[in-house]
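Peer 1: In the order they appear, the protein sequences are chains A and B.
Residues are numbered in the working numbering as their position in the first sequence, beginning at 1, plus a constant of 1173.
Residues are numbered in the working numbering as their position in the second sequence, beginning at 1, plus a constant of 300.
If you're looking for bench data, these hints aren't it; they were derived computationally from the structure.
Please note: incorrect hints may appear among the correct ones.
Here are some, though not all, of the chain A residues that point toward chain B, as calculated from beta-carbon distances under 7 Å [as the list claims (entries may be wrong)]:
| # | residue |
| --- | --- |
| 1 | 1210 |
| 2 | 1238 |
| 3 | 1387 |
Pulled a few chain B residues facing chain A out of the computed Cβ check, cut under 10 Å [claimed, not checked]:
| # | residue |
| --- | --- |
| 4 | 328 |
| 5 | 337 |
| 6 | 338 |
| 7 | 359 |
| 8 | 361 |
| 9 | 460 |
Where is the CB? At the ideal position from N, CA and C, for every residue including glycine.
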Amino acid sequence: MIAASLPQRFKVDFDPNSQIFSLAGTIRPRSIDEIAESIQALREAIDTVRGVLYIDVKRLIQMNNTAFQAFIRVALDACRERSDLRLIVVTSSVVSWTTRMFRHLSTIEPQISVEVYDSMFYPGQDYFEDTSFIPILRAQTKLTWRHERTILPRHGMRPGIAVADICCGIGDFAVLAQKEFQPSRIVALDHSKPSLAYARKVAAEFGVTGIEYTYGDASEMLLEDNQFDFVSCRHSLQVFNQPELLLKELYRIVKPGGRVYITNEKNSHCLGEPRAQSIQWTYNELARLLTNFEIDVEFGPKSRRYLTDTGFDDILVESFMVTNLDGDPQDFADIIAGWEKMFADMAVRNGEAPEFIERFRQGFRDHIFAALHPKGYAGWPIWAASGRKPL
Amino acid sequence: MGASVNKTTETAFEPLLQFDMEMEDFLSDWHHCDHVSTYLARMISHNRTDPVRHSNFFSSALNELLEVSFRGGTTDGKIGLAIYRQGATERVQLSFPCPPGQARFYREAVSKTRESDAQARYLDAISNDLAPSRESVLLDLAVNYDARLRLDEDAAPAITLIVDLPLEGMVS
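Model the full assembly from the supplied sequences, consistent with the hints where possible.
Peer 2: Have a look at this one:
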């Protein structure tokens, strides 16, 4: 593997094993001479591969015509010299200009095709971004906010700062944070267009302005380095199959001295009385089931390790329990009912036996029973953690 | 072509910001193109539906225009940049002094962006040229950004490129 760091926040990388040549960052040279090393790297990559070379420009933030034409010159010449060569350019649906510029290559040269990366960002995405899940997400934020509004200042949230909420989902946390803490700027990013459309609609209906909702891949964001005082990423590292990639991006965009705040669950610690045993069984099985979807709902207590490994210091970790006593117990029950439906669907998808699924569902129903019981208690534990980017 | 600005249309555009700089200072550092386009794009995009992506897209187009003025401009006078908005479209008015005789070049280059074979010309340019010409950069704006370009020569020897960029609809 070769890698070269060039001026103008630009990186070129070639992985011969996967035959992927990638361009990332911003490249706006005055002349081709400034990027001669990268042009040569593409030539060498082409010489190395057999069959297909992928040219990955998903993380290309800016490229001027000087650079564009220099790189495509190499690609076009190579196709004219080698009939066995196929080039597949992979652009991102997030970066509008890349697809529009690179699409012409397949018109000019039949050996080149252009693919837009707009598929799953993580394995369980279709479940969590089903629009029928939106009421559950709203209820979850409603209950967690009762705790987080007092927790957040301990982790660096304060008025007048620049905030980013990454994996913002339907955007309700951003609205609450803006209302409570009045940041100077708040960007809310998610990779679900329906969720963002919902977020913008709700914001408009409630007259909330100033939240910059943006479509993007949290592991490859368009946001620039060192921009935010406070970056939140709630309930997302646990559903993302490569949390270290996401954390690296959160680290990149937060300012030195700023903090990244994450919340995650440990679902096997969900509890309830009465019917504790049934509830316990189901949530243990849930944690096991979701590993098949590369989802780690036991992530919460691992937060300290992940934050440390990413390079953060001054790490704070605390936990809180959302319960049926946080306001209307029916809200809690509604969340569990939503979970029952979604996770039972996933169990079916995973090929679990009908007897298992029935017992699995029963645990959720018993959790609801506990939540609504006049003397019952039902809980959902969450770990809130943050780390500071060193100065 | 040398079309003057249509005053009726002009009044419908709301001014967003204006930026002036001595051309000599502008030409002193190539990175001014990158810095100015990035900064101004962020400023004017803050209230677009997707500010981050709009800013990225707008910066890409604006940088190309600034690079055209950098490569073709002279040190006498100022570079002036004004950005307006009408609905989903931003209008960029970029004025800069250029050598005598260059106005004709820009007139013809801008004219070609509005002809039916603009895309074919663009594809031919990127297929065969080693480096982009100012003409192919303007074609790029027309083809890849759906830009509509005009030229104003009222303040000769300076020229003004007037570029309408309907990026909001393309981003959202």
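Peer 1: So, for every hint listed, does it hold in this structure?
Peer 2: Here is how each hint holds up against the structure:
Contact between residue 1210 of chain A and chain B, as hinted, is not supported at the beta carbon level, the nearest pair being about 17 Å apart and thus beyond 7 Å. Annotation: interface hint on residue 1238 of chain A holds; nearest CB of chain B at approximately 4 Å, less than 7 Å. This hint holds: residue 1387 of chain A has a C-beta 4 Å from the nearest C-beta of chain B, less than the 7 Å allowed. With a least beta-carbon distance of about 13 Å to chain A, the hint placing residue 328 of chain B at the interface is violated under the 10 Å criterion.
Below 10 Å, beta-carbon pairs count as interface contacts, and residue 337 of chain B has one with chain A at about 9 Å; its hint therefore holds. Taken as an interface hint, residue 338 of chain B checks out: its beta carbon lies about 8 Å from the nearest beta carbon of chain A, inside 10 Å. Using the Cβ-Cβ criterion of 10 Å, the hint placing residue 359 of chain B at the interface with chain A is satisfied: the shortest such distance is roughly 7 Å. Annotation: interface hint on residue 361 of chain B holds; nearest CB of chain A at approximately 8 Å, less than 10 Å.
Because the closest C-beta pair between residue 460 of chain B and chain A is about 21 Å apart, greater than 10 Å, the hint is violated.
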